Amino acid sequence: MDLSTTNTMLGIMAAVSVLEALLLIAGGIAGFLAYRRVMQLVNDLELRHVRPVREKLDEILADVKTVTSRVNQQTERVDSAISETMGRVDETAERVRHSVRDRVSQATGVVRGIRAVVASVLSSVAPGNGRPASSGADGRV
Numbered sequence: 001m002d003l004s005t006t007n008t009m010l011g012i013m014a015a016v017s018v019l020e021a022l023l024l025i026a027g028g029i030a031g032f033l034a035y036r037r038v039m040q041l042v043n044d045l046e047l048r049h050v051r052p053v054r055e056k057l058d059e060i061l062a063d064v065k066t067v068t069s070r071v072n073q074q075t076e077r078v079d080s081a082i083s084e085t086m087g088r089v090d091e092t093a094e095r096v097r098h099s100v101r102d103r104v105s106q107a108t109g110v111v112r113g114i115r116a117v118v119a120s121v122l123s124s125v126a127p128g129n130g131r132p133a134s135s136g137a138d139g140r141v
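The sequence shown lines up with residues 1 to 141 when you count with our numbering.
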């Protein structure tokens, strides 16, 4: 091979290398332009669709928070009212229980007294002769 063929081959290789470099630069620029367009599209979609939905969602969450707060307050009020009512019911039941117990005790005392009187009267009257039994020292009638 002579030197002119080598120089020609080296010239062709240099030209191909320059073309490859230009293609790489063009690919990089095309990729950057595509990236910019995609990012512009993403930002535009976010502005038109995502942001309004997010704002509505934030409003809904604020409403839910307000409703939850109100429900908690009402629950506390109902719980307090129920606790107070149960306390009053327990107190009233205790009063009724004591009142009934006192009256039953009084009625029981009256019945025992009547029973004692009847037993006393029956034991003092002898069966069959209608005379009161005399109590002797030996206990015979």
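The set of hints was computed from the structure by calculation and includes no laboratory data.
As the structure is a computational prediction, the values presented were derived from the model and not from experiment.
Note that beta-carbon positions come from the ideal geometry of N, C-alpha and C, so glycine has one too.
A few of these clues could be false.
To be verified - Listed next, the in silico SDA-like pairs over lysine to any residue satisfying Cα-Cα at most 25 angstroms (straight line):
(1) Lys-65 with Glu-55
(2) Lys-56 with Asp-79
(3) Lys-56 with Asp-44
(4) Lys-65 with Arg-54
(5) Lys-56 with Arg-77
(6) Lys-56 with Asn-43
(7) Lys-65 with Leu-45
(8) Lys-65 with Arg-77
(9) Lys-65 with Thr-75
(10) Lys-65 with Asp-44
(11) Lys-56 with Leu-45
(12) Lys-56 with Arg-36
(13) Lys-65 with Val-42
(14) Lys-65 with Met-86
(15) Lys-65 with Asn-43
(16) Lys-56 with Thr-75
(17) Lys-65 with Glu-84
(18) Lys-56 with Glu-76
(19) Lys-56 with Thr-66
(20) Lys-65 with Glu-76
(21) Lys-56 with Val-67
(22) Lys-56 with Ser-80
Claimed, not checked - The calculated label-pair distances, taken between Cβ atoms and stated as ranges, are:
(23) Glu-76 with Ala-107: 29 to 35 angstroms
(24) Ala-34 with Val-64: 29 to 35 angstroms
(25) Thr-6 with Arg-37: 45 to 51 angstroms
(26) Leu-57 with Ser-83: 55 to 61 angstroms
(27) Ile-25 with Thr-68: 31 to 37 angstroms
(28) Ala-116 with Val-89: 36 to 42 angstroms
(29) Ala-107 with Gln-74: 33 to 39 angstroms
(30) Leu-47 with Val-71: 53 to 59 angstroms
(31) Thr-75 with Gln-40: 26 to 32 angstroms
(32) Val-67 with His-98: 31 to 37 angstroms
- So which of those numbered hints doesn't the model satisfy? 2, 5, 7, 10, 12, 13, 14, 15, 16, 17, 18, 22, 23, 24, 26, 27, 29, 30, 31, 32
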